[in-house]
Amino acid sequence: MKYDVYGVGNALVDVQAQVADALLAESGFDKGIMTLVDDAQQKSLLTKLNGLPLNRCAGGSAANTIVAVADFGGKAAYVGKVAADETGEFFLKDMRDMGVTIEVQQAKDGQTGTCAVLITEDAQRTMMTNLGVSATLTEADVDEAELKQAKYVYIEGYLLTGDTTKAAAYKAIELAKKNNVKVAFTASDPFLVNMIRDEIWDLVKGPVDLFFCNEEEAKSLTGKDDPIECAAEIHRHAENVAMTLGPNGSIVMHGGEAIAIEGVDVTAIDTTGAGDMYAGGLLYGITNGMSWKQAGHLASHAAGRIVSQLGARIERRFTAAEIADLIS
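Quick note on numbering: the sequence shown equals residues 1 to 328 in this note's numbering.
Hint data in this document are derived by calculation from the structure and do not stem from the laboratory. This structure is a prediction, so every number in the text was calculated from the model and none was measured. Take these hints with a grain of salt, some might be off.
[Unchecked claim] FRET-style restraints, in silico, Cβ to Cβ: (1) Gly246 - Lys108: 39 to 49 Å; (2) Lys166 - Gly99: 26 to 36 Å; (3) Lys31 - Lys108: 32 to 42 Å; (4) Asp265 - Asp143: 36 to 46 Å.
From the three backbone atoms N, C-alpha and C, an ideal C-beta is built for every residue, glycine too.
I would like the entire structure built from these sequences, with the hints used as guidance.
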């Protein structure tokens with residue numbers, strides 16, 4: 001196949017900054033979650049960050065995962081929507097520089113979406129997202145000729161919050177099923193599960209072959225408190241489940257078996273992109289000949305490495321020798 005994974009998501013440029021709790025409190029946003037903001041709110045917030053060291057990279061949940069696949073040496077493609085502005089040009093160049101195939105029609109009007117990521121001393125990340133033109137992604141942007149050359153299509157749950165982006169997500173799923181491409185879907189955020197629980201269940205019970213979630217999302221989805229029971233309940237309907245448990249590792253459900261994946265003992269600095277990196281590591285593994293346990297082990301170490309640094313991009317890639325040692 002031409003691609004291991006074809007990603008569909010909101011194309012955003014992440015702007016990351018380490019901030020004091022006081023600045024976060026002053027902003028008025030809830031700590032540790034993602035909040036959608038309008039143009040004026042985002043402009044005001046970014047103004048408050050003037051003078052602080054900032055890191056900028058192409059982002060969005062699915063984009064982070066697709067970059068992770070490429071980081072490991074996988075073959076990856078991505079579709080999202082950016083504007084014909086400097087931020088949009090930055091997004092495209094950054095993705096291509098990371099080895100991701102991306103061909104999009106840039107919107108002539110509007111602005112490229114951004115996500116301000118505020119990182120506090122406790123390693124919590126609070127995200128304020130201005131979707132910009134990423135919210136105008138449509139089913140026409142999903143290229144069947146490219147998608148059908150992938151082993152997996154990976155879709156972020158955030159797409160379900162908008163009419164046209166939802167249509168794009170369902171079009172990608174439809175085309176995947178038509179062309180025997182497996183479907184991976186991530187719950188994205190607890191607020192999303194709380195908002196559209198029934199719709200996510202319909203996807204889990206229907207076309208999704210691999211469902212990614214964290215412990216909080218799984219508890220919200222199932223109404224259960226025990227993580228193993230949550231994973232088992234989801235696995236009753238989805239062929240494969242990968243549920244992260246923070247520092248306690250993760251649980252991978254495959255073939256009726258619960259595979260416990262150990263956590264990695266690291267000092268957490270920034271949790272931004274941990275789940276995205278985990279998904280990228282797992283997807284790379286299962287599309288490149290690893291067992292589910294081996295892929296989970298690699299994904300856990302990848303997530304551990306990402307939380308021990310700033311930003312959603314891994315600063316030091318895993319070498320082939322490191323990967324071989326991790327899965328041996």
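A quick look at each hint next to the structure:
At about 43 Å, the beta-carbon gap between Gly246 and Lys108 stays in the expected band of 39 to 49 Å. Distance hint check: the CB atoms of Lys166 and Gly99 are about 29 Å apart, consistent with the given range 26 to 36 Å. Under the hint 32 to 42 Å, the C-beta atoms of Lys31 and Lys108, about 37 Å apart, fit the expected range. In this structure the supplied range 36 to 46 Å holds for Asp265 paired with Asp143, their Cβ-Cβ distance being about 43 Å.
In summary, the structure agrees with every hint in the numbered list given earlier.
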